[in-house]
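*Asks:* Chains as they are written, first to last, in my numbering: chain V, 814 to 1018; chain L, 8 to 108.
Rather than coming from a laboratory, the hints here were simulated on the basis of the structure. In this text, a Cβ means the ideal position worked out from N, Cα and C, and glycines have one as well. Treat the hints with care, since some could be wrong.
Stretch by stretch, here's where chain L covers chain V in the computed footprint (C-beta under 8 Å, at least three residues) [to be verified]:
| hint | stretch |
| --- | --- |
| 1 | 837-850 |
| 2 | 857-864 |
| 3 | 869-877 |
| 4 | 914-920 |
| 5 | 946-954 |
| 6 | 1007-1013 |
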Amino acid sequence: MQIVVFYVAGALAIGSALAVVVQRNPFLAALSLILHLASLAALYLVLQGDFVAVAQLLVYAGAVMIMFLFVIAYLGDRADLDLRRGGLGAGAAFIAGLAIFIESVIAVSDSNSSFHAPAVVADSFGSPATIGKLFLTDHLLAFEAISLVLLVGAIAGVVLGAGELLPSRSRAEPAEREPKGERYDLRREFLRREEEAEQESEVGT
Amino acid sequence: MSPGIGSWITLSSALFCIGLVGVMLRRNPIVILLSLEIMLNAGNLLLVAGSRYVGGNDGHVLALTVMGVAAAEVVVGLGLVVALARRGAPLDVDELRSLHG
């Protein structure tokens, strides 16, 4: 049973990954990546990684891929660039990929591994309770570091995404925009711009 | 009946190489980020498989950490893409060479 799921989900994962790479339309490429992530979740279930499988579906298919689809929709036809490297670049890419794959296959076939069968594990293997306990005891540093990384990522997303609303040092009117000694206030700036727009529309009528 | 760890390593390296070819082949930054996700997930698959065959849960913890890092990386990457698009820059990594010496 496990070996059947392994081959079916593995073939699905490889096929959808190839579709991501060769697909011309980025929207369809993102949709094939969702299929890829779902088949990987099935493979995690074969490996008794229950919590990782659920986290994979929630974090990747649920959050990260929505972000991808949202950005592709936001950019509209600008995202639809079908650009690949031609000639030498494409050849180098294929040779590099193939070389690394062949190398790892040779390494696997030569190795005298003792891991031919999965280890005997308890039922609690891969359960949320086990992993939560590990996160809060042995791997507390990783837990704290990842929260810091996510915080920095969120700040970076705001800075990069809301660039126009953040304080900008325009060359034309630096003094007007940022009065000395007064701290920049996003809400006040927003209200000021709104007022200006209202006045302009009144002048227009 | 379950496959040996060699099958998992082969599958994982195949997925990693597909992602690598995608990163090197495509010039659209969004598709490059998608291919990067394939590479990160290939690494995750190997971590979970190793965890199962060795018999500890540490690989799962590392895989979840990688997921968090990947999420943060996607936020920064897509933020850069949106900022570039807003400035009217072309979405083609070969055209963006103002930092090229």
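*Asks:* Under the constraints set out in the numbered hints, which ones does this structure not fulfil?
*Replies:* Structure breaks hint 6 only.
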